[in-house]
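Engineer: Read off the chains here:
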Amino acid sequence: MKKILSQMDQTSRNDFITYGMVIGAFAVISILQALGILSSQIGGLLVPLCVYSIMAVSLNLVVGILGELSIGHAGFMCLGAFASAFFTKCVGDGMPSMLRFVIAILIGGLIAGVFGFLIGIPVFRLNGDYLAIVTLAFGEIIKNVMNSLYVGRDANGFHFSLSSANDMGMDALNGEMLINGPQGITGTPRNSTFLIGILILLLSLFVILNLIHSRQGRAIMSVRDNHIAAESVGINITKYKLMAFTVSAVIAGFAGALYAHNLSSLAATSARFGYNMSIMFLVFVVLGGIGSSRGAIIAAVVLTLIPELLRPIASFRMLLYSIILIVMMIVNWSPASRAFMEKHKLNRFLFKFKKSAGKGGK
Amino acid sequence: MALLEINNLSISFGGLRAVDEFNLSIEQGDLYGLIGPNGAGKTTVFNLLTGVYKPNEGIIRLDGRDITGKKPIEINKAGIARTFQNIRLFKQMSVLDNVKVGLHNIYRCPPAASILRLPAYYETEKKMNERAYELLSVFGLDKEADSTLASNLPYGRQRKLEIARAMATNPRLLLLDEPAAGMNPNETQELMDTIHYIRDSFGMTILLIEHDMKLVSGICEKLTVLNFGRILTQGETKKVLANPEVIKAYLGE
Amino acid sequence: MVSFITNLINGLSLGSIYAIIAIGYTMVYGIAKMLNFAHGDVIMVGAFAAYTIISTMGLPTPVGILAAIVCCTLLGIAIEKIAYRPLRNAGSPLAVLITAIGVSYFLQNGAMLIFGSDTKMFSSVVPLQTLSVGPFLIPGTTIVSILTSVILVSVLQIFINKTRPGQAMLACAQDRAAASLMGISVNNTITLTFAIGSAMAAVAGVLLCSAYPALSPTTGAMPGIKAFVAAVFGGIGSVPGAMVGGLLLGVIEILSRAYISTQLSDAIVFAVLIVVLLVKPTGLFGKVIQEKV
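Protein chains in written order, with the working numbering: chain X, 1 to 362; chain D, 1 to 253; chain P, 1 to 293.
Rather than coming from a laboratory, the hints here were simulated on the basis of the structure.
Where hints are given, some of them may not hold.
Derived SDA-like pairs: lysine to any residue, alpha-carbon spacing no greater than 20 Å straight-line [unchecked claim]: (1) D/K91 / P/K81; (2) X/K239 / D/R108; (3) D/K71 / X/I228; (4) P/K292 / X/I237; (5) D/K91 / P/P93; (6) P/K280 / X/Y130; (7) X/K239 / D/A112; (8) D/K222 / D/I67; (9) P/K287 / X/L126; (10) D/K91 / X/T11; (11) P/K81 / X/V327; (12) D/K77 / X/S12; (13) P/K81 / X/S322; (14) P/K292 / D/V52; (15) D/K91 / P/K292; (16) D/K91 / X/I237; (17) D/K91 / X/S322; (18) D/K222 / D/R199; (19) P/K33 / X/T11; (20) D/K126 / X/N210; (21) D/K91 / X/Y130; (22) P/K81 / X/P335; (23) D/K214 / D/E236; (24) P/K33 / X/L131; (25) D/K127 / X/S12; (26) X/K239 / X/V207; (27) D/K54 / D/N23; (28) P/K280 / X/L126; (29) P/K280 / X/L131; (30) D/K222 / D/Q234; (31) D/K127 / D/R108; (32) P/K287 / X/L131; (33) P/K33 / X/N127.
Output of the computed footprint for chain P on chain X, the stretches with three or more beta carbons under 8 Å from beta carbons of chain P [to be verified]: (34) 133-139; (35) 143-153; (36) 251-258; (37) 281-288; (38) 330-341.
For glycine and all other residues, C-beta sits at the position ideal for the given N, C-alpha and C.
Extracted from the complex, chain X is given alone in its bound form (with noise of 0.2 Å):
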């Protein structure tokens, strides 16, 4: 083992400590499941995970990689899961439920791209803090309209309203309703499960780091870095700024897909979809070490168990949370507290994942 990875050059070793990471914390689950060891709180928790994780990797690409601001990604995951249900919804028996499960992915990864593309457009025709504000509206918007939408079918085919499911014109009594405003899609099957999330979630750092460690990913950081002067080099920043978040909004419609069909009732509620959930993703980016895969996924795993873990203190879980993540980042961040690591040689401890992973990611 230690073999192959000292013949590896760096970047390859540490994409591979990455991956051996994720299969080595399922391999020691999937034991501790079928030993009957785990709680039931954790076993549900197990695709959540996968989803948050899919999502910090998957924001990582644009604010650690590219280097904007986006508080708007759960927007893309609201799409990616809705779409995917929608499908789900249509096809109903008339397929195996695996093929459906991983077409029904692949559809929300394909609607989340498109609307990637096409959000990004005007998005990046803006900087820094704008930028960051229209990202947050596109995904309210996102999930305003999700709320609003009724969507049902009958002989005559499909019936689409914005107001109300007595709008649509739908034959009420032959009539399937399939997007029931703001209660959603109700009665998907939960066919989602931990193996599935994993392989989604290796999935998206497969496709991640290969893009990031290649000719278009340092393309991107060169974006980031310093835009005059990628230009300067032929570089066409449009392009690539719209390529990090195609692929960034492709693999959040993936983790959408996987969220929908955990649930029987997918509503896009603000607790679900909100700027609150696109914001807790951003935290995991940050926390995680900013443009490291690897750190955004232990940071997702981390401050998604904290508030599980302290349940049994429930009515001061979330205040205490808040402190440990305040705590967090400035003894992560500030200058004070990071002057005082170097010097006693604290960090080697504390930032091991973070160190190793600016070189991954960067």
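Starting from the known structure of chain X, fit chains D and P onto it as the hints suggest.
Structural biologist: Frame of chain X, contents of chains D and P only:
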């Protein structure tokens, strides 16, 4: 025919003629200097040449082709590459990757091949690495190029890395904006040798802005002197530097 | 027509509250160069402070308002000193943004712990009766909200442009390093900015809950985001911009609720923001900063 031909180039910023009726003709293989006091408009000329600014008047021709007002990417593709007065490296990327970004349009590989790691990916990476190390070795930057971040290089070497990155785009004309700024005399001497070397062995045409008179008189064969956005004089280096007007512009009256 | 004008007045009322919140956002952004995501929650704290004093303790309304202002001012200063200052020179501007989100969670969950998550009925602090002007009915809160915002913006403009601390704020907004070389204490100026912004948030909180009397720990979140949008709308960093942005946002929101769709009103607000930014990428009053090559 001259490689670079500039006619009557002018640009104004809010009523101020930053560059006024600028003319320049550079032959293939020239090592040309653009000098003048601070604020004379030298960097503005570079920005006009590389498409950062669009001129109000005038024509820029590269090898007979009109490139006036084109975008920076197009101008780079047409064959002009530059460095910046205030160094603009890709700071969080390795020294090697900085040069590989410069090779972006030289060796291609579609995104799908990159993501799926098809043979085309490995081929491109191999070619890029070979070429990048070749360029880096000219500047003595090839050691640990893969593991050193550009921002961790000392100042003088950052300037060299910028030149290497610009050269990676295979330009016909290389624009160097104060390449020796911040270098000590030894480094400057070394840089002069390197500039000579790249002109001779890569057949590069070079236009540079510089304040260091030792460097200018040491390597530039021809000079143009700018003062208040206008050409004061141009011609062979010796004659230009002996011109009393030039001395007056530099030292004041 | 009558209903249109009534809606317009309601829009201006909501907009003036957004404006007061947006000014806090915009000032902090202009001077500390950070998006203070917790600003919306400071509004909620202000409203709860007033609620406790007036409804729970039964003290007179002015005492409640004053207590809310004092409480929020101190809170603003404390947040800045404890959570944001250590990260002032952190490598990434994202660090302090995430910390602000942490502070936002902290305030919401703290309020949840103290006051519970159920919605409280806030009794209006405005003693004014609904006025009828011709065919129009104008609620007292509306008049007070609009007047308060106009007075606050005017006072603030005078403060910023005519007093020494105000000038120090302008200097810090332009160039912090240069300001500190000129002997201005950057830390104190930023603290002062947070104090003023938070005091205004308290006023906004009391007004918001007087107009929409439901008070819960998450009351401040959405108005906070809307005000942030308003600040961007007007060009972030500009006080008059925040005022105009807030008013426009309130009017657009109320009108689209009345004439287009209640469910889609937020989407319309955000869509208008996107269109404005695409036409004018730095907001209505924002300055274009060109990068020097």
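Engineer: Each hint needs a verdict: does it hold in this structure or not?
Structural biologist: Evaluated hints:
no.	hint	in the structure
1	D/K91 / P/K81	violated, 32 Å
2	X/K239 / D/R108	holds, 15 Å
3	D/K71 / X/I228	holds, 12 Å
4	P/K292 / X/I237	holds, 18 Å
5	D/K91 / P/P93	holds, 17 Å
6	P/K280 / X/Y130	holds, 11 Å
7	X/K239 / D/A112	holds, 15 Å
8	D/K222 / D/I67	violated, 23 Å
9	P/K287 / X/L126	holds, 14 Å
10	D/K91 / X/T11	holds, 18 Å
11	P/K81 / X/V327	holds, 14 Å
12	D/K77 / X/S12	violated, 32 Å
13	P/K81 / X/S322	holds, 17 Å
14	P/K292 / D/V52	holds, 10 Å
15	D/K91 / P/K292	holds, 18 Å
16	D/K91 / X/I237	holds, 17 Å
17	D/K91 / X/S322	violated, 33 Å
18	D/K222 / D/R199	holds, 14 Å
19	P/K33 / X/T11	violated, 35 Å
20	D/K126 / X/N210	holds, 16 Å
21	D/K91 / X/Y130	violated, 24 Å
22	P/K81 / X/P335	holds, 15 Å
23	D/K214 / D/E236	holds, 16 Å
24	P/K33 / X/L131	holds, 16 Å
25	D/K127 / X/S12	holds, 18 Å
26	X/K239 / X/V207	holds, 18 Å
27	D/K54 / D/N23	holds, 16 Å
28	P/K280 / X/L126	holds, 10 Å
29	P/K280 / X/L131	holds, 12 Å
30	D/K222 / D/Q234	holds, 7 Å
31	D/K127 / D/R108	holds, 10 Å
32	P/K287 / X/L131	holds, 16 Å
33	P/K33 / X/N127	holds, 15 Å
34	133-139	holds (count 5)
35	143-153	holds (count 4)
36	251-258	violated (count 0)
37	281-288	holds (count 4)
38	330-341	holds (count 7)
Checked against the numbered hints above, the structure violates hints 1, 8, 12, 17, 19, 21, 36; every other hint is satisfied.
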